[in-house]
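Take the sequences, apply the hints, and build the full model.
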Amino acid sequence: MPFECITALRFLKEGRMQTLAIVSGVAIGVGVIVFMSAMLTSLQGNFVKRVLMAQAHIQILPPEESARPLRGLASGIIYANVIQRPTQRLRSIDQWQTIIAQLRRRADIAVVTPTVSAAALAVRGNASRSITLTGIDGDDYFRIVRIPEYITAGEPRLTSNDIIIGSELARQLGVSVGDKLNVIAASSTTRSLTVSAVFDLGNKGANERSTFVALRTAQSLAALNGGVTSIDMTVHDLYAAEVVAQSVSASTGVKAESWIVTNAQLFSTLSAQEMSFTTIQGFVALSVAFGVASVLIVSVIQRSQDIGILRAMGATQYQMLRVFLLQGAILGGLGAAAGSALGIGALSVFHAVVRLQDGSELFPLSVRASLFVWSISLATITGVVAAALPAVTAARLDPVDAIRG
Amino acid sequence: MRSVAESGHILTLEQVTKTYALGRPNALEVLHGIDMALDRGEFVALVGPSGSGKSTLLNIIGLLDRPTTGRLLIRGADTSAMNDAALTALRNESIGFVFQQSYLLSAFSAIENVMMPMLLKHEFPTEAMRTRAGELLADMGLSAWADHPASNLSGGQQQRVAIARALAMSPALILADEPTGNLDTHSADSVFEMLKKANTELGTTFLIVTHNEALAERCDRTLEVVDGQLTSAVH
Numbered sequence: 001m002p003f004e005c006i007t008a009l010r011f012l013k014e015g016r017m018q019t020l021a022i023v024s025g026v027a028i029g030v031g032v033i034v035f036m037s038a039m040l041t042s043l044q045g046n047f048v049k050r051v052l053m054a055q056a057h058i059q060i061l062p063p064e065e066s067a068r069p070l071r072g073l074a075s076g077i078i079y080a081n082v083i084q085r086p087t088q089r090l091r092s093i094d095q096w097q098t099i100i101a102q103l104r105r106r107a108d109i110a111v112v113t114p115t116v117s118a119a120a121l122a123v124r125g126n127a128s129r130s131i132t133l134t135g136i137d138g139d140d141y142f143r144i145v146r147i148p149e150y151i152t153a154g155e156p157r158l159t160s161n162d163i164i165i166g167s168e169l170a171r172q173l174g175v176s177v178g179d180k181l182n183v184i185a186a187s188s189t190t191r192s193l194t195v196s197a198v199f200d201l202g203n204k205g206a207n208e209r210s211t212f213v214a215l216r217t218a219q220s221l222a223a224l225n226g227g228v229t230s231i232d233m234t235v236h237d238l239y240a241a242e243v244v245a246q247s248v249s250a251s252t253g254v255k256a257e258s259w260i261v262t263n264a265q266l267f268s269t270l271s272a273q274e275m276s277f278t279t280i281q282g283f284v285a286l287s288v289a290f291g292v293a294s295v296l297i298v299s300v301i302q303r304s305q306d307i308g309i310l311r312a313m314g315a316t317q318y319q320m321l322r323v324f325l326l327q328g329a330i331l332g333g334l335g336a337a338a339g340s341a342l343g344i345g346a347l348s349v350f351h352a353v354v355r356l357q358d359g360s361e362l363f364p365l366s367v368r369a370s371l372f373v374w375s376i377s378l379a380t381i382t383g384v385v386a387a388a389l390p391a392v393t394a395a396r397l398d399p400v401d402a403i404r405g
Numbered sequence: 001m002r003s004v005a006e007s008g009h010i011l012t013l014e015q016v017t018k019t020y021a022l023g024r025p026n027a028l029e030v031l032h033g034i035d036m037a038l039d040r041g042e043f044v045a046l047v048g049p050s051g052s053g054k055s056t057l058l059n060i061i062g063l064l065d066r067p068t069t070g071r072l073l074i075r076g077a078d079t080s081a082m083n084d085a086a087l088t089a090l091r092n093e094s095i096g097f098v099f100q101q102s103y104l105l106s107a108f109s110a111i112e113n114v115m116m117p118m119l120l121k122h123e124f125p126t127e128a129m130r131t132r133a134g135e136l137l138a139d140m141g142l143s144a145w146a147d148h149p150a151s152n153l154s155g156g157q158q159q160r161v162a163i164a165r166a167l168a169m170s171p172a173l174i175l176a177d178e179p180t181g182n183l184d185t186h187s188a189d190s191v192f193e194m195l196k197k198a199n200t201e202l203g204t205t206f207l208i209v210t211h212n213e214a215l216a217e218r219c220d221r222t223l224e225v226v227d228g229q230l231t232s233a234v235h
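Chains as they are written, first to last, in this note's numbering: chain D, 1 to 405; chain A, 1 to 235.
Derived from the structure by calculation, the hints contain no laboratory data.
Fair warning: there could be bad hints in the mix.
To be verified - Rough simulated footprint, nothing fancy, chain A against chain D, three-plus residues with beta-carbon under 8 Å:
no.	stretch
1	162 to 170
2	309 to 317
What the hints assert, rightly or not - Taking lysine to aspartate or glutamate and the DMTMM-like style, the derived pairs with C-alpha atoms no more than 25 Å apart in a straight line are:
no.	chain 1	residue 1	chain 2	residue 2
3	A	Lys-121	D	Glu-14
4	D	Lys-13	A	Glu-123
5	A	Lys-121	D	Glu-4
6	A	Lys-121	D	Asp-398
7	A	Lys-121	D	Asp-401
8	D	Lys-13	A	Glu-127
For every residue, glycine included, the Cβ atom is placed at its ideal position computed from N, Cα and C.
Laid out in structure tokens, this is it:
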């Protein structure tokens, strides 16, 4: 160890009460940051995961039908100045197979799958419920919305006569796996389908309304032979979805919507949360800086004779500067290391103690190692910056005045 | 006539003055044109009443303070043009200090205090430094105390550690400001003998500020500062 390290450590060790006090102060500050940050990350991650559990990252929808102005009006004919919005009939995406082939070649898109979505009635005996019928290509679609993970009974099998339904619908219609169910589409087409699986998405509405059938089954029920109503995609980088969506729109000429746009409110809530957390972080860093600075300012005064004698013996101004900057770094780094342990300990206790009513965890913990690296680096840098003033004071001390005290 | 700079003196002062608060109405000149020279191996006492400028002179000689005018030469090298880093390096290698109080670093053990000037020069501690410091402490009769915290030693012991520390870099010159001023007669004698021993055995030049006439008489010669001027040698 060089002179500066040895001396900085000895000075801190000798003033151990001061050192302990400020390290504890830094540790509490950093502990709060680590606790909040880890909790916020876990909560947000969990929140986003729940939101995306039942939806694609990007969806391509057919263009909406809009009223077009009439051209070449004959003179003397006056039209009312009211333009009625046309009804949006179920339409297929033009050239969807070409678009899908094009999208599958992109490196930033993980999964692409066509779907058909239509409103229908599920009927059994004299009970009927309105449902959203989603025609899917099971293999690809299940990589986007992981229905098989939520299946409580049956197999995620989708032949042309199968239907996967939610637990609430199964309860209301009194069906279970293997039972038959009549599905009447808006086009009046009726099919008798077999329940191949029942899922529970943890959301009553979804469990009641969402149903999945094979793509062809949905196409025939919705009278959209060979057509699809949307193309669903997942991307590798969740938060780059909007950028990818815009690039997809630009390259294919169809409208692509990302989950970021369709969940704009959720996103603004998350960023507001982030902002308030950053503010708190800033103030904690500031109080850490003032704490370290005040301890070192006192230390320079207390040690002025030591500094003087070291200078007399041949310590350069830079050596003295480094001794005190290092003390700042050590106080910051040590406090942050203790604070990280404290924060993560508190979070584990919180996670273990605060539970949902059914005893399951409030949210899954996701703590990244980068959080600690970040906190410790930030606190160390803060310590060095805070030590700048006392260190410069120490370096500039006139040895004669310093020795005299 | 040969100039003092060429004569091979360890230390030469030429017309050194020191004025505090220079350029202000309360400016005070405390040293008025000091000329002096010390030869290798001399053991010199510096005496004078309080406030006569002894300490100021010692600080200037020790490169802790700069003269307002005049020249200070250490082994023939003019220090007036040197920057702080060069002065610091010169101080580290050529000058040892012993003060009235030992000013040991309380955060370090006795042997580490002795090693400190070597550590400041070479940055990283080595076994050779420890051996050298151990030998110096043994010379001072303090081997048993080498690893004790400096603050646990008695006043006399601390002062002997301070002497060992001053000798660590084998400096050409040791400046001692009232080195025995805080010690009882027995300890003072012992400390003085240590200084004398280093002078005779190592040939180190000593300049000792003292109020103690008996002590001054045991030196090779005595310089007296009165009102900021060096009077002729007392003996």
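Results for each hint:
1. 162 to 170: violated (count 0)
2. 309 to 317: holds (count 9)
3. A:Lys-121 / D:Glu-14: 24 Å, holds
4. D:Lys-13 / A:Glu-123: Satisfied, since the Cα-Cα distance of roughly 20 Å is no more than 25 Å.
5. A:Lys-121 / D:Glu-4: 12 Å, holds
6. A:Lys-121 / D:Asp-398: 20 Å, holds
7. A:Lys-121 / D:Asp-401: Roughly 23 Å separates the two Cα atoms, so the pair holds.
8. D:Lys-13 / A:Glu-127: With Cα atoms ~24 Å apart, D:Lys-13 and A:Glu-127 stay inside 25 Å; holds.
Checked against the numbered hints above, the structure violates only hint 1.
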